[in-house]
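Q: Between the sequences and the hints, there should be enough to build the whole structure, so can you do that?
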Amino acid sequence: MSLLEIKNLHANIHGNEILKGVDLTINAGEVHSIMGPNGSGKSTLAQVLARRETYTVTQGQVLLNGKDLLAMKPEEAACEGLFMAFQYPVEIPGISNAYFLRAALNAIRKYRGQEELDAMDFLPLLKEKMRLLEMDDRFLNRPVNEGFSGGEKKRNEIVQMAVLEPRMAILDETDSGLDIDALKIVAKGVNTMRGADRAILVVTHYQRLLDYIIPDYVHVLVDGRIVKSGGKELAFELEEKGYGWTEPASAAAR
Amino acid sequence: MATAATERLRNYLEAFHRLGIDAASQPAWLRALRDRGFARFCEAGFPTTKNEDWRFTNVNAIAQTPFQLARDARQLGAIYGDTLDACRIPGAACQLVFLNGRFAAELSELGSLPEGVRVESLAQGIAHDGKSLESHLGHYLNIERDAFAALNTAFIEDGAYVYLPRRTVLEAPIYFLFISIPTQHPEMTNPRNLIVAEDATEASIVEDYVSLGSGISFSNVVTELVAGENAVISHYLLEREDRQAFNVSTLRTQQGRSANVSSHSVLLGGGLVRNNVHPVLAGEGGECLINGLFIGNGSQHMDNYMLVEHASPHCSSRQFYNGILDGHSHGVFHGRIIVHKDAQKTDAKQTNRNLLLSDDAQIDTKPQLEIYADDVKCTHGATIGQVEENALFYLRSRGIDEASARSLLLLAFANECLDRMKCLPVREYLQDLVQGWLPGISTPAGDTTADNLEIARRWEEVG
Numbered sequence: 001m002s003l004l005e006i007k008n009l010h011a012n013i014h015g016n017e018i019l020k021g022v023d024l025t026i027n028a029g030e031v032h033s034i035m036g037p038n039g040s041g042k043s044t045l046a047q048v049l050a051r052r053e054t055y056t057v058t059q060g061q062v063l064l065n066g067k068d069l070l071a072m073k074p075e076e077a078a079c080e081g082l083f084m085a086f087q088y089p090v091e092i093p094g095i096s097n098a099y100f101l102r103a104a105l106n107a108i109r110k111y112r113g114q115e116e117l118d119a120m121d122f123l124p125l126l127k128e129k130m131r132l133l134e135m136d137d138r139f140l141n142r143p144v145n146e147g148f149s150g151g152e153k154k155r156n157e158i159v160q161m162a163v164l165e166p167r168m169a170i171l172d173e174t175d176s177g178l179d180i181d182a183l184k185i186v187a188k189g190v191n192t193m194r195g196a197d198r199a200i201l202v203v204t205h206y207q208r209l210l211d212y213i214i215p216d217y218v219h220v221l222v223d224g225r226i227v228k229s230g231g232k233e234l235a236f237e238l239e240e241k242g243y244g245w246t247e248p249a250s251a252a253a254r
Numbered sequence: 255m256a257t258a259a260t261e262r263l264r265n266y267l268e269a270f271h272r273l274g275i276d277a278a279s280q281p282a283w284l285r286a287l288r289d290r291g292f293a294r295f296c297e298a299g300f301p302t303t304k305n306e307d308w309r310f311t312n313v314n315a316i317a318q319t320p321f322q323l324a325r326d327a328r329q330l331g332a333i334y335g336d337t338l339d340a341c342r343i344p345g346a347a348c349q350l351v352f353l354n355g356r357f358a359a360e361l362s363e364l365g366s367l368p369e370g371v372r373v374e375s376l377a378q379g380i381a382h383d384g385k386s387l388e389s390h391l392g393h394y395l396n397i398e399r400d401a402f403a404a405l406n407t408a409f410i411e412d413g414a415y416v417y418l419p420r421r422t423v424l425e426a427p428i429y430f431l432f433i434s435i436p437t438q439h440p441e442m443t444n445p446r447n448l449i450v451a452e453d454a455t456e457a458s459i460v461e462d463y464v465s466l467g468s469g470i471s472f473s474n475v476v477t478e479l480v481a482g483e484n485a486v487i488s489h490y491l492l493e494r495e496d497r498q499a500f501n502v503s504t505l506r507t508q509q510g511r512s513a514n515v516s517s518h519s520v521l522l523g524g525g526l527v528r529n530n531v532h533p534v535l536a537g538e539g540g541e542c543l544i545n546g547l548f549i550g551n552g553s554q555h556m557d558n559y560m561l562v563e564h565a566s567p568h569c570s571s572r573q574f575y576n577g578i579l580d581g582h583s584h585g586v587f588h589g590r591i592i593v594h595k596d597a598q599k600t601d602a603k604q605t606n607r608n609l610l611l612s613d614d615a616q617i618d619t620k621p622q623l624e625i626y627a628d629d630v631k632c633t634h635g636a637t638i639g640q641v642e643e644n645a646l647f648y649l650r651s652r653g654i655d656e657a658s659a660r661s662l663l664l665l666a667f668a669n670e671c672l673d674r675m676k677c678l679p680v681r682e683y684l685q686d687l688v689q690g691w692l693p694g695i696s697t698p699a700g701d702t703t704a705d706n707l708e709i710a711r712r713w714e715e716v717g
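Top to bottom, those sequences are chains Z and C.
This note's numbering numbers the first residue of the first sequence as 1 and each following residue consecutively.
This note's numbering numbers the first residue of the second sequence as 255 and each following residue consecutively.
There could be a bad hint or two in this list.
Claimed, not checked - Pulled from the structure, derived: some chain C residues nowhere near chain Z, Cβ distances all over 10 Å:
no., residue
1, Tyr266
2, Leu273
3, Arg309
4, Arg342
5, His439
Stated by the list, open to error - Derived, one-sided and incomplete: chain C residues facing chain Z with beta-carbon distance under 7 Å:
no., residue
6, Asn644
7, Phe647
8, Arg650
9, Ser651
10, Arg652
11, Gly653
12, Phe667
13, Asn669
14, Glu670
I should point out that these hints are in silico values taken from the structure, not numbers from a laboratory.
Glycine is no exception: its CB is placed at the ideal position from the N, C-alpha and C atoms.
A: So, in structure tokens, the structure goes:
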């Protein structure tokens, strides 16, 4: 069974249709990348999958591990194994990183009928994941994302992913604004998460990240539709020729 | 009208005479101080909303209630022993318990304090050390501008007294627990506290106001805090009385050269609460932090009136107040900063942030800067908003359900204030307390609403 199955997905925000019929199937063990120009609907797709309520789905179906994702609340989707690394992680002053993540992990464990972890069991786990992303221990007690640099915020997203161990992870432009060192650290973190039970969807504007997280499949999203799909070589082609190259296909699809 | 007012004052007059007889052993200077307080109170009467300092708070419910002086309830202490233990803050150097405003020795734990340190009841202090008290008590509080301060002064009888000799450093906090035990007849207490911290002292002092049982009571509190040169003193006020209680608290601090004083307030309980914080930065290089959190629900009214006086150069003051208001509650933040003519290089900052959780909750926030020096830096800012949707989605996307995510964000907002508290046992106690308090708020459950109505109804009767 596919981990994620998107069929003819249409979605709008405030009446503007952004997704105009997206079809995509992702199986466990695969890494997919969605690329596309600004405004093509990449982030909308990620947000709709994470169940952001500001978007309205007008048509289509999405199955997460065989269950109706579009009927789930954001927290239910998370508990069912979906994770989205935010393009713009939110700052939450007053709550420490460690407290927040333990609350999240325990919410998910509780949903799955597993025992909750106390602070003593949780801290070593968190520290291990933070080391993987080369984040200092002082980030444990700092308020969530507050005063973090852009790169620190993105690494913190991957720390969260590593702790929560989702089955379906979506990275929404995690590479934007990262320097090459931070990019490598993030990619290393993501790559250690690759596995037969898990699928990863990398949403990106640039091919650069795909040098480090090598996808099995690349899809090109233009104007709310996937207009081209292929292997990793498609990313290089896009890098060379630009998105303009895909447009005739887009026109043909209409 | 005049007759009604006279009628109301008669209560206080009778009480004043009774106290004169009961406390006949008070020294002449104290009786004179009390006379001045009573005269001023009679002259001024309770403030009305026409008074700019009271614009957002109507104290009619206090003015029209015929309060008696609270009876001596110390014999009840033993009965409540177990209940009391639940509210004590652990880890204190000493705990003084006051029942209906009077020191209850048998419920208190004096601990062992360093040589020369005095932590005792004000009445004991007056008996043992009248001379030093005379030189401080009533010397800082301005009874001219505040009728409640005058009323408290008129009824000085007991309270807490702290004396810290030069270079005393206390790591564990000094803890005062003030308990009101309401009866069918509305009663008032006028706790009067004096804290004298000599040069280079360090200490944390907690005042905690609670009710045992439900009913109308009025705590009219004044604390004078004198901090000598280089003293580092933290003062904590915790208000968690019954929802029918009235509480007016005034903290007046006098800071010497390079003294560093923090005032932390956490208002959770009480029906009508007025929290006055009035530091005077009287010596060069002083610093003060005024930090507060108020959480209102039902028909609670919580008014925070800050008056920061910069009277010397090179002083800095920081005000941070966060409010969380639900139900029909009404919050007020009035932050007044006065920079006197000679207070050059003043650095004053004021921030008030508020979350409104219901359509009927209300906040009035008002900065008021009066600057008579020309080389100063003063900033102020206020925000009013709801729980941020972005943050809510972020938490939910990590698996935390909506209700828990909301509570977590409220806790985060509260923690901004609690995190500024340096005294660890107090901070941890307050964090637990606030965390337990928050779920009662922002839940639109039927029970809470019924409770609110019940309280609102009782309020009608009071008014």
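Q: Now tell me if each hint is right for this structure.
A: Quick rundown of the hints versus the structure:
no. : hint   : in the structure
1   : Tyr266 : 44 Å, holds
2   : Leu273 : 46 Å, holds
3   : Arg309 : 31 Å, holds
4   : Arg342 : 25 Å, holds
5   : His439 : 43 Å, holds
6   : Asn644 : 5 Å, holds
7   : Phe647 : 6 Å, holds
8   : Arg650 : 4 Å, holds
9   : Ser651 : 5 Å, holds
10  : Arg652 : 4 Å, holds
11  : Gly653 : 4 Å, holds
12  : Phe667 : 6 Å, holds
13  : Asn669 : 4 Å, holds
14  : Glu670 : 5 Å, holds
Consistency note: the structure conflicts with none of the earlier hints.
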